[in-house]
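For reference, the chains in residue letters:
2 protein chains.
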Amino acid sequence: MKIGVLGGGQLARMIALAGIPLDCSFVVLDPSDTACAAAAATQIKGDYDDPQALAELARQVDVVTYEFENVPQASARLLAQSVPVYPAADVLHVAQDRLNEKNLFTQLGIETPPYAPVNSLSELERAAATIGLPAVLKTRTQGYDGKGQAVIRSQDQLAQAWTAIGEVPAILEGFIRFEREVSMVAVRNLAGEIRYYPLSENHHDAGILRIARAQPGDAMTEQAQSYTEKLLSHFNYVGVIAVEFFQRGDQLLANEFAPRVHNSGHWTMEGAECSQFENHVRAVADLPLGSTEALSCAAMVNIIGDLPSAADVLAVEHAHAHFYGKSARPGRKVAHVGIRAPSVAAREAAIEQTLTLAGAHF
Amino acid sequence: MKIGVLGGGQLARMIALAGIPLDCSFVVLDPSDTACAAAAATQIKGDYDDPQALAELARQVDVVTYEFENVPQASARLLAQSVPVYPAADVLHVAQDRLNEKNLFTQLGIETPPYAPVNSLSELERAAATIGLPAVLKTRTQGYDGKGQAVIRSQDQLAQAWTAIGEVPAILEGFIRFEREVSMVAVRNLAGEIRYYPLSENHHDAGILRIARAQPGDAMTEQAQSYTEKLLSHFNYVGVIAVEFFQRGDQLLANEFAPRVHNSGHWTMEGAECSQFENHVRAVADLPLGSTEALSCAAMVNIIGDLPSAADVLAVEHAHAHFYGKSARPGRKVAHVGIRAPSVAAREAAIEQTLTLAGAHF
Numbered sequence: 001m002k003i004g005v006l007g008g009g010q011l012a013r014m015i016a017l018a019g020i021p022l023d024c025s026f027v028v029l030d031p032s033d034t035a036c037a038a039a040a041a042t043q044i045k046g047d048y049d050d051p052q053a054l055a056e057l058a059r060q061v062d063v064v065t066y067e068f069e070n071v072p073q074a075s076a077r078l079l080a081q082s083v084p085v086y087p088a089a090d091v092l093h094v095a096q097d098r099l100n101e102k103n104l105f106t107q108l109g110i111e112t113p114p115y116a117p118v119n120s121l122s123e124l125e126r127a128a129a130t131i132g133l134p135a136v137l138k139t140r141t142q143g144y145d146g147k148g149q150a151v152i153r154s155q156d157q158l159a160q161a162w163t164a165i166g167e168v169p170a171i172l173e174g175f176i177r178f179e180r181e182v183s184m185v186a187v188r189n190l191a192g193e194i195r196y197y198p199l200s201e202n203h204h205d206a207g208i209l210r211i212a213r214a215q216p217g218d219a220m221t222e223q224a225q226s227y228t229e230k231l232l233s234h235f236n237y238v239g240v241i242a243v244e245f246f247q248r249g250d251q252l253l254a255n256e257f258a259p260r261v262h263n264s265g266h267w268t269m270e271g272a273e274c275s276q277f278e279n280h281v282r283a284v285a286d287l288p289l290g291s292t293e294a295l296s297c298a299a300m301v302n303i304i305g306d307l308p309s310a311a312d313v314l315a316v317e318h319a320h321a322h323f324y325g326k327s328a329r330p331g332r333k334v335a336h337v338g339i340r341a342p343s344v345a346a347r348e349a350a351i352e353q354t355l356t357l358a359g360a361h362f
Numbered sequence: 001m002k003i004g005v006l007g008g009g010q011l012a013r014m015i016a017l018a019g020i021p022l023d024c025s026f027v028v029l030d031p032s033d034t035a036c037a038a039a040a041a042t043q044i045k046g047d048y049d050d051p052q053a054l055a056e057l058a059r060q061v062d063v064v065t066y067e068f069e070n071v072p073q074a075s076a077r078l079l080a081q082s083v084p085v086y087p088a089a090d091v092l093h094v095a096q097d098r099l100n101e102k103n104l105f106t107q108l109g110i111e112t113p114p115y116a117p118v119n120s121l122s123e124l125e126r127a128a129a130t131i132g133l134p135a136v137l138k139t140r141t142q143g144y145d146g147k148g149q150a151v152i153r154s155q156d157q158l159a160q161a162w163t164a165i166g167e168v169p170a171i172l173e174g175f176i177r178f179e180r181e182v183s184m185v186a187v188r189n190l191a192g193e194i195r196y197y198p199l200s201e202n203h204h205d206a207g208i209l210r211i212a213r214a215q216p217g218d219a220m221t222e223q224a225q226s227y228t229e230k231l232l233s234h235f236n237y238v239g240v241i242a243v244e245f246f247q248r249g250d251q252l253l254a255n256e257f258a259p260r261v262h263n264s265g266h267w268t269m270e271g272a273e274c275s276q277f278e279n280h281v282r283a284v285a286d287l288p289l290g291s292t293e294a295l296s297c298a299a300m301v302n303i304i305g306d307l308p309s310a311a312d313v314l315a316v317e318h319a320h321a322h323f324y325g326k327s328a329r330p331g332r333k334v335a336h337v338g339i340r341a342p343s344v345a346a347r348e349a350a351i352e353q354t355l356t357l358a359g360a361h362f
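Taken in order, these protein sequences are the chains called A and B.
Taking the working numbering, I'd label the letters of the first sequence as residues 1 to 362.
Taking the working numbering, I'd label the letters of the second sequence as residues 1 to 362.
Simulated from the structure, these hints should not be mistaken for lab results.
Fair warning: there could be bad hints in the mix.
[What the hints assert, rightly or not] In silico DSSO-like links for lysine-lysine, alpha-carbon gap of 27 Å or less:
| no. | chain 1 | residue 1 | chain 2 | residue 2 |
| --- | --- | --- | --- | --- |
| 1 | A | 333 | A | 45 |
| 2 | B | 326 | A | 2 |
| 3 | A | 333 | A | 147 |
| 4 | B | 2 | B | 45 |
| 5 | B | 45 | A | 45 |
| 6 | A | 2 | B | 147 |
| 7 | B | 45 | A | 2 |
| 8 | A | 326 | B | 2 |
[Unchecked claim] Across the chosen pairs, the derived CB separations fall in these ranges:
| no. | chain 1 | residue 1 | chain 2 | residue 2 | range |
| --- | --- | --- | --- | --- | --- |
| 9 | B | 233 | A | 291 | 37 to 47 Å |
| 10 | A | 141 | B | 81 | 35 to 45 Å |
| 11 | B | 77 | A | 221 | 58 to 68 Å |
| 12 | B | 111 | A | 225 | 54 to 64 Å |
| 13 | A | 226 | B | 229 | 48 to 58 Å |
| 14 | B | 111 | A | 329 | 50 to 60 Å |
| 15 | A | 291 | B | 32 | 30 to 40 Å |
| 16 | A | 206 | B | 82 | 13 to 23 Å |
| 17 | A | 315 | B | 205 | 35 to 45 Å |
| 18 | A | 56 | B | 31 | 27 to 37 Å |
| 19 | A | 73 | B | 60 | 37 to 47 Å |
| 20 | A | 221 | B | 111 | 54 to 64 Å |
| 21 | A | 103 | B | 315 | 38 to 48 Å |
Beta carbons: idealized from backbone N, C-alpha and C, even for Gly.
Given only the sequences and the hints, what does the whole structure look like? Please build it.
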């Protein structure tokens, strides 16, 4: 089976590495000269909206998927005329726009933080009055890793925030005092079967995910699964999805979802029977889904900015290195460390050592 | 780190898939149009004794290793003039010749079945008288998977056996009535540190390995480690080695060793903390070695000859598919199934189901 991937970054790279042993081969479409997925895939170099490149991709593969949700919807629809695209293009319409996303959550009965659309400074003032402060102003599109966001703590910051995000269509979200952030990574196949990984508990650093810990048996599992199932069924979804939640008391509030393999699920590479990458391939290639059960005590630490040496990383007991073949750059995810340890204490020690390493290079 | 591999078959492919996440890239030298390692490596197409191809390989990489022991020794020595070659070329001199191999075992105090060199029919007759029958006549070089061998059960089969193996330099080995065959896969790094995987218990079918089961805590572990350590230290070895033993009573008799990753260690991909492929990369790239501890109950089943579908393989509970990207051909290893199960019973059930699948296509 030949699988096309829109995007040739580390997610496509890890999808290909997981899929090659399943008798799949990969073609990535990416405009970059240094697409790191090319280590395990053929690259078509082209823009995501280049009709010729898209036609070439469709010609070469049996099915198309993507590694990021900002794929042009028109491109996904064009491809879908000649080859199956999973998840379907309809998902992008929602996933690319925070307002559509929150509206769908609400429509499906999935709790969210309070929110309101903002298209002007005066709308922002009205929204702030309704929702209350502090609150977060977020662009409807293109935001990731904390970009395109402004926290508003007092009335006199409203105009400044509106300017800061570029005066573009946005939503204002109530600043939730949550106890923690968790995410549910799940996979659904063509037949409608769904498998859920254990919840991930996520910790951020300057808006970027830093640590994800697998939490098998977490008390919030059932609520997270129920919400995720609503989304998957709504879209008749095929592939891996990740849904991020804030937890307040015994309630989960959906923050956003990603229609793809997700950084908070990287721990599944060593920490689950079958990784999110392999299960994504299995789903889009219409192969039986693999077990999502956790193995021992798993976690993931992101390496951001500068690169520690592989020797330093591998000297940490229970650490598994995943370099992305990317050059160092401030704020850039260049690698992650998967941890699979026999006890929580051993896992925490490995996380601590990895953070020290990563911090020294941050 | 750029790693060159002599040979571009499934072993090189699995080495590359394991090494890419460690920030390594791979160049394989292989004469074939369909080298299956090319899915995860750059291929230099050329013969193993082509000086230009070897020079190009040496120019492109930091270190060279190999996936099969029949690499021309002259090529390994030529490469070693400009780039480190691990395991060193001296190992090939022994590993390529059954007589040298058995003589080294004897020199190091490693027990072997009785054996004698055979260079003529009259030598064969004398050897048979000394060793006794039944016995096995094996070519000194080039034999693998049961090829280049003839079993001799009575005096009147001597001439026929000598003809059958092509009247080439050979050794006669006493036909040992062993209880089982086990192999020790181990890894040694540049600093001399050695890590041993749990023993594998191996079952063959028509001379080709069919099933390998991980046997952590096996009673023969200490003896196998001690023998393997002698070999590794003798060669000042760097990389993964596999040593095959026959067990008779509480005694191990060394059959042969392979200076490379080995089919009987494939179960380590899911079944050990760090696989033999990753540990081989770590050793030749001078990175810290990974843990060789077993995870739950592991085994490997070879898929030989015809190809079952990925869907059929993945429908087996606890099965992990490793297709090699090779076309089907009688007697050819085209894939293997890794099994990691929570109990011996579950492992055996998975082996049984996989054999049924594989048998249906054999």
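A quick look at each hint next to the structure:
For the hint linking residue 333 of chain A to residue 45 of chain A, the alpha-carbon distance of about 22 Å falls within 27 Å, and the restraint holds. Distance restraint check for residue 326 of chain B and residue 2 of chain A: the Cα-Cα separation of roughly 15 Å lies within the 27 Å cut-off, and the hinted pair is therefore satisfied. A hinted pair counts as satisfied when its Cα atoms are at most 27 Å apart, and residue 333 of chain A with residue 147 of chain A qualifies at roughly 14 Å. For the suggested pair residue 2 of chain B and residue 45 of chain B, the alpha carbons sit about 17 Å apart, so the restraint of at most 27 Å is met.
Note on residue 45 of chain B and residue 45 of chain A: the hinted pairing holds, with a Cα-Cα distance of about 25 Å set against a maximum of 27 Å. A threshold of 27 Å between alpha carbons decides the hint, and for residue 2 of chain A with residue 147 of chain B the separation of about 36 Å lies outside it, so the pair is violated. Under the criterion of a C-alpha separation no larger than 27 Å, the hint pairing residue 45 of chain B with residue 2 of chain A is consistent with the structure, at around 24 Å. Between residue 326 of chain A and residue 2 of chain B, the direct Cα distance comes to roughly 15 Å. Compliance with the 27 Å bound is thereby established for this hinted pair.
In this structure the hint that residue 233 of chain B and residue 291 of chain A lie 37 to 47 Å apart at CB holds, the actual value being about 41 Å. Residue 141 of chain A and residue 81 of chain B have their C-beta atoms about 58 Å apart, which leaves the hinted 35 to 45 Å range violated. In this structure the hint that residue 77 of chain B and residue 221 of chain A lie 58 to 68 Å apart at CB holds, the actual value being about 60 Å. Restraint check, residue 111 of chain B to residue 225 of chain A: a C-beta distance of roughly 58 Å satisfies the suggested window 54 to 64 Å.
Distance hint check: the CB atoms of residue 226 of chain A and residue 229 of chain B are about 56 Å apart, consistent with the given range 48 to 58 Å. The hint said 50 to 60 Å for the Cβ distance between residue 111 of chain B and residue 329 of chain A, and at roughly 58 Å that hint holds. Taking 30 to 40 Å as the suggested C-beta distance range, the pair residue 291 of chain A and residue 32 of chain B conforms, at roughly 36 Å. A hinted range of 13 to 23 Å is violated for the C-beta pair residue 206 of chain A and residue 82 of chain B, which are about 46 Å apart.
Taking 35 to 45 Å as the suggested C-beta distance range, the pair residue 315 of chain A and residue 205 of chain B conforms, at roughly 42 Å. Taken as a hint, the range 27 to 37 Å holds for the pair residue 56 of chain A and residue 31 of chain B, whose Cβ atoms sit roughly 30 Å apart. The hinted range of 37 to 47 Å is satisfied by residue 73 of chain A and residue 60 of chain B, whose Cβ atoms lie roughly 42 Å apart. Distance hint check for residue 221 of chain A and residue 111 of chain B: the Cβ-Cβ separation is about 55 Å, which falls inside the suggested range of 54 to 64 Å.
Hint check: residue 103 of chain A to residue 315 of chain B, Cβ distance near 39 Å, so the stated range 38 to 48 Å holds.
Of the numbered hints given earlier, the model fails hints 6, 10, 16; all others are met.
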